[in-house]
Amino acid sequence: MSLELEARHALRSFTLDVALSVAPGECLALAGPSGAGKSTVLRIVAGLLRPDAGRVRCGDDLWLDRERGVALPPEQRACGYVFQHYALFPHLSAARNVAYGLRGGSRAQRRTTAIAALERFGIGQLADARPRALSGGERQRVALARAVVRRPRALLLDEPLTALDATTRGQATRALGELLREHEVPAILVTHDFVEAATLGTTVAIVDRGRIVQRGAPAEVAARPATPFVADLTGAVVLTGVASSADHGLAKVALDGGGTVLSTDPVPASGGAATGPVPVAVTTHPWEITLHPVGERPGDLVDVGGSARNALAATVTAITPIGNRVRVGLDTGQPLAAEVTGPAIERLGLQVGDRVTAAWKASATRVLDRGGSSTA
Amino acid sequence: MSLELEARHALRSFTLDVALSVAPGECLALAGPSGAGKSTVLRIVAGLLRPDAGRVRCGDDLWLDRERGVALPPEQRACGYVFQHYALFPHLSAARNVAYGLRGGSRAQRRTTAIAALERFGIGQLADARPRALSGGERQRVALARAVVRRPRALLLDEPLTALDATTRGQATRALGELLREHEVPAILVTHDFVEAATLGTTVAIVDRGRIVQRGAPAEVAARPATPFVADLTGAVVLTGVASSADHGLAKVALDGGGTVLSTDPVPASGGAATGPVPVAVTTHPWEITLHPVGERPGDLVDVGGSARNALAATVTAITPIGNRVRVGLDTGQPLAAEVTGPAIERLGLQVGDRVTAAWKASATRVLDRGGSSTA
Amino acid sequence: MTARRVAFSAALVVALTVCVAFLTVPVVAIFVSSSPGDLLDGLRDPSARDALRLSLICTSIATGIIVLVGTPAAWLLATRRFRGRALVTTLVELPLVLPPAVAGIGLLAAFGPKGLVGGALGDLGLQPVLTTAGVVVALVFVAAPFYLRQAQSAFEAIDRDWLDASRTLGAGELRTWLLIAIPVARGGLVTGLALAWGRALGEFGATLMFAGSFRGVTQTVPLAIYERFASDFDGALALSAVLVALSAAVLLTVKLLGSGSPGGSENGREQRRGPGNGLGAGVGR
Amino acid sequence: MTARRVAFSAALVVALTVCVAFLTVPVVAIFVSSSPGDLLDGLRDPSARDALRLSLICTSIATGIIVLVGTPAAWLLATRRFRGRALVTTLVELPLVLPPAVAGIGLLAAFGPKGLVGGALGDLGLQPVLTTAGVVVALVFVAAPFYLRQAQSAFEAIDRDWLDASRTLGAGELRTWLLIAIPVARGGLVTGLALAWGRALGEFGATLMFAGSFRGVTQTVPLAIYERFASDFDGALALSAVLVALSAAVLLTVKLLGSGSPGGSENGREQRRGPGNGLGAGVGR
Amino acid sequence: GDDDRGGGSARPDVTIKVSAAASLKKALEGYQGHFAAATVAFSFAGSDELAAQIEQGVRPDVFAAANTKLPDALHAKGLVGRPVRFATNRLVVAVPAEGGDVRSFADLGRDGVSLAIGSPTVPVGAYTRTVLGRLSAARRKAIEGNVRSQEPDVAGVVGKLTQGAVDAGFVYRSDVRAAGGRLREIAIPDALQPAVTYGVAVVAGAPHRGQAQAFVDGLVGPDGQAALRAAGLGPKP
Ligand SMILES: Nc1ncnc2c1ncn2[C@@H]1O[C@H](COP(=O)(O)OP(=O)(O)OP(=O)(O)O)[C@@H](O)[C@H]1O
Ligand SMILES: Nc1ncnc2c1ncn2[C@@H]1O[C@H](COP(=O)(O)OP(=O)(O)OP(=O)(O)O)[C@@H](O)[C@H]1O
Ligand SMILES: [Mg+2]
Ligand SMILES: [Mg+2]
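Protein chains in written order, with our numbering: chain A, 1 to 376; chain B, 1 to 376; chain C, 1 to 285; chain D, 1 to 285; chain E, 1 to 237.
With the rest of the complex left out, here is chain A (with noise of 0.2 Å):
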């Protein structure tokens, strides 16, 4: 019963190119920049757009094969699909949306269907509202009940939270979680968010510009991004620079900025030769960044292996406690983000203005080729 899929299909400024296949149970989020292709790959299981070439297929039922000429219409592909806007149908009551999709049965049962599955979501009394009558957050349950009353063999979720504003999207995402869990069909969730991937996705796959760039458990692609793009999208921290090899395997990379950092990653092959500057991007993240008063040596930068530690010199342009922790905003000659605790603040008694110097260990940089950077 896993969903399995294998498109081709020429868009706009780039051609769309997947291949993926989703068990039972399993929710892989798509994540990725705006215009990525996301919602294309979506279309494409659903049968809304034919692809170039390709397979679909669902368990042992072909939904898709472009060379044998198959192509099931979205109507007979029973995909439960939620729309970013959810798409309610702006002239029906939430339990005729529901009801939509039911066959069979009188009309008074399949309302009765409806009620129940809306009853299911916390918002039976609901049911003869129409859509506009309805908060984002019902409606986001209304679409959801749509989709999974008809028993789908798959669910495909676009964005499903974007629409959402801060307030209700905690709710609506537990509601989510839980709806992902009891459902025992492929998921498909489509998010331009990382932290929304990672919170609601088994898998994670990583969509640029119509290609999968990493695919992995949500913390794996955090600790390791493949590509700047990637760690940008992790909420990484980037910096660039041009790598060479230095002692004991290190990679050695001088920042664009000014300053060198070093990493216990080698240096990328880049094209045909090995040594020589390479044009790379550093990535670490901000909770890995500590900060020190200029002067204060922060540990031994010359020692070998895992226990390295880099230092730059900067400036603080910003300061912003978020709950319990405070991210300070940094100026290397690239911008930097640190997160440090509210104590560590206050013991160094930093102010905006401030000279200090952020380190991070050695081992927590990655560099990686600059060729797949295509961040804005």
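Errors might be hidden in some of the hints.
To be verified - Here are the computed lysine-lysine pairs in the DSSO-like style, where the Cα-Cα straight-line distance is at most 30 Å:
id, chain 1, residue 1, chain 2, residue 2
1, A, LYS252, A, LYS361
2, E, LYS26, E, LYS141
3, E, LYS141, D, LYS114
4, C, LYS255, D, LYS255
5, E, LYS236, D, LYS114
6, C, LYS114, E, LYS141
7, E, LYS77, C, LYS114
Bear in mind the hints are in silico, worked out from the structure with no lab data behind them.
The structure presented is a predicted model; accordingly, all values stated were derived computationally and were not measured.
Chain A is already provided as a structure; the job is to place chains B, C, D and E with the ligands on it using the hints.
Just chains B, C, D and E with the ligands now, with coordinates in the frame of chain A:
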């Protein structure tokens, strides 16, 4: 040169009634859910909407006084307004968009000024591109350049980051932060995201249904939300229940889903009756909550004062790594979320479905009257 | 500055006043010139009543045909992209700008006894010229473009997501069209229908050329008005007044009803019109 | 299931084919029935040339007036909310559904020498009846609603944010209107203009009643066609063909030009049409 | 000789407006060539329409109708000067030049024959009804039963005939001639023939009285009568 506003205006389902004052160089972040009236405030300041009653003053200039019949049209107020979707003129190039607000001098001079402004935002090379050919981040920068090139006396920013995808949002936030620091004018920034408000605002005002329900420094508001609504908006956990007085001046709250928690807050006075059960919301932050194996006593529950701890039996419903933290979804009869470190999870060997005890300090527990609640 | 703003607002008001005055004075004049007595006499006259009855029947049949055939045609034009689509929409709109007399000539040249396909029609025993069927043919020809145009743009304005959602919920295209597209586009369709009906009700030149003018068979209200014009100017005015009142009532009803319809592409997103009463708020009226 | 889908698609195609055929056969017939020789003769005839010249002059003046007065009026209707707005828009649209002959009667009853305001006009020495000016009056009356309607909805479709942005950038309403609203609404305005021009070019009944049919003075092409109808059917066909070709050329040009315009309310948001070629993709053609 | 009176006072750039019955088109355009006192602009339409325009205050210089009733009525109201009877015509039955079932006047009442006539308000329609009124009730009923359309002017009847929409119609002899071989005439027996007389008058308050009068005078003079004859109309009564 500070901006002062005082206005009342009947909207569809409630009346907007706000008074605020923003000092030069200060950025007031208006946060609140969709439809709260945030944009309406900006429109009143800019002169795009004439309120039923009120006054707007910028430094020594009176922009609006309904009583005295003063109402300057928008073109005479010199506000720099950045619209949510940027509202770039589709038929003009980036440079001509920016030059649109310039007066005096020759066409060539105005173009030079406009291109200089674009260059300061790092997009001088896009001067001749039409808006539809620009990416979201580029559009934002054109809109910012257009708003500030006229040297406005106040800056009004309506969700300047919402239209961007997560990838470009980081950069764009930095650009915006710099801009706000550079221009020594009062600024109002609208957002429905508390983190964004905290990042960019020197002060945060929370708006709900046309009223400012709380105002203060971001960290302050997050630490001491005045209403359940604010608590939810700032990312806190909200539980509902009924409060009564306990020993030692503590409040004891019987939760709706079962369980009891203590708080150092007093029981809110509900109407006339000072004693007896009062419906309340209890809030804390996910990072205040620690998780413990069932049976391990998480500290002394009967201890008086600040060290009293709450403990609730819970089932793990989700485990989500986010960066270096892990968010654990819990079910205690009501949904709850805890944020703990990766090692803590490993130590507990935690898995979805496990039973745990969630504990947090009574002093980190806010008790709020449920009268003001308006969450969806 | 203020003076300039006032001058501009004044200029706008003047322009609108001129427009409204110029366009309504002739209509008002029709009513003013015909006394209520004339109006009643006009309606009591059996030939006027015949004409009214015939007009109502023919316009009803014509709009019925237009809706039945035009709605699917407009759907196809709105949803399919194909080579020559711009040409097809232009062809379909052409009768809009055809002088009615030319339309009549064209209809004769096409469906008349000596026309392009008229001979074939005649062999089948279908000869619409000078019959009530001919009136309907003429009305359909002149009125259909009004409906097609409006229906096409109403269908084009539907948010595709609604149609896609319906398909993923197991509805085929026909079901989607009937249950989603038509109800959602209802406002636009009804407006188009009202315009087409109004145009058909007022049709004169093509009807006269193609169907002639025979009381009770092909003499619709505009033809009856024309016939009275010379001999009975008051009667003509009275009938005109009836026609105008009828058209205005239908247009206004549709306008007021239509405003309550689900409308274009709302789809859960709030309409982005800001509060307040338009630009006027800033103009400081 | 598949059979049903094919049947529905086929039904759509049939409906469109019927529409297109029915609406174009008469137009085609006009061309087919008039030999190229007739066409040339028709154009060589000095009275035909007079009529063409007069038609072009009068329609140009009329559309010029319509644009000058109608554009600000439409802007006001699109941006201001006021009591009775629905009534005003209905009044302004009414001439759309008026039979041309009734329009002529109304114009006479209003602006004729014995008309409501005609007397006052006459005292000022302005008596449009039977003059070229009268032709222009009649053309403006019947064609203005086409432009007003289209211009109003083009202005209404403009994203308010653009207008607001212009105001906050120091531009008054006049400047905003000239530099933002008109360029952005250009496509809709030009379409409205083309429709109004086409309607004016084809106007017959009102012109005949109000301005008469004097060669070189008030005899426009449709009147010339009518005059030839009985005595010189070939000449009438030839002139009709010229008129149709002219209208079609203008409509098609505008349609092709218009597609490149900035269009309605895009404002940075991507249009939400999904990729692929419409519903057809799912229909598995 | 009559021409001189108007011609003397004429400025060459004067244009007079003549509203004339559609059936006079060919004749008056012929006469125009011989009229030098002014430029002439014609508006041809149904006589009744033109009369109605004058009733509504429209002021051409000359009104020429296909009957005498309309000019007389306008004269009685003081809207036009004294009408002059300047031409006659004959009502005929017109049929398509080729084919057609109608070969004689008697055929008009046959089953399956279709007819177009003028509406009762226009002169040609009134004359047609005069003819029908002189028939026996049975024949009249039979013919009236075959009428398919009542046209607002004679051009409409001719149009229906040339397009083959009807088998026969009542028109003027001059119309058959103007149709240039497309139509054939079937004479109406003299006993039934109505007196078709054309009246012309100078409109009261005409902008160019002198030239208008000259035009009317010329019509009854030799040039006018010759042009009328050439167009198939009869001489003034
Ligand atoms: N023309 C209007 N007249 C009266 N009320 C209106 C009008 N337009 C909008 N409103 C109401 O005003 C309220 C506030 O709207 P506003 O646009 O200021 O909200 P907001 O806080 O900016 O929300 P969002 O985050 O969605 O932009 C909404 O509840 C809306 O329904
Ligand atoms: N009809 C079309 N033909 C060709 N390309 C198209 C078409 N419609 C959209 N595209 C392109 O396809 C690409 C992918 O679009 P898609 O909607 O799948 O992106 P997305 O990843 O879902 O983005 P978003 O987050 O904005 O929804 C875009 O670059 C878009 O320009
Ligand atoms: Mg998408
Ligand atoms: Mg807003």
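Hints that the structure is at odds with (numbers, increasing): 2, 3, 5, 7
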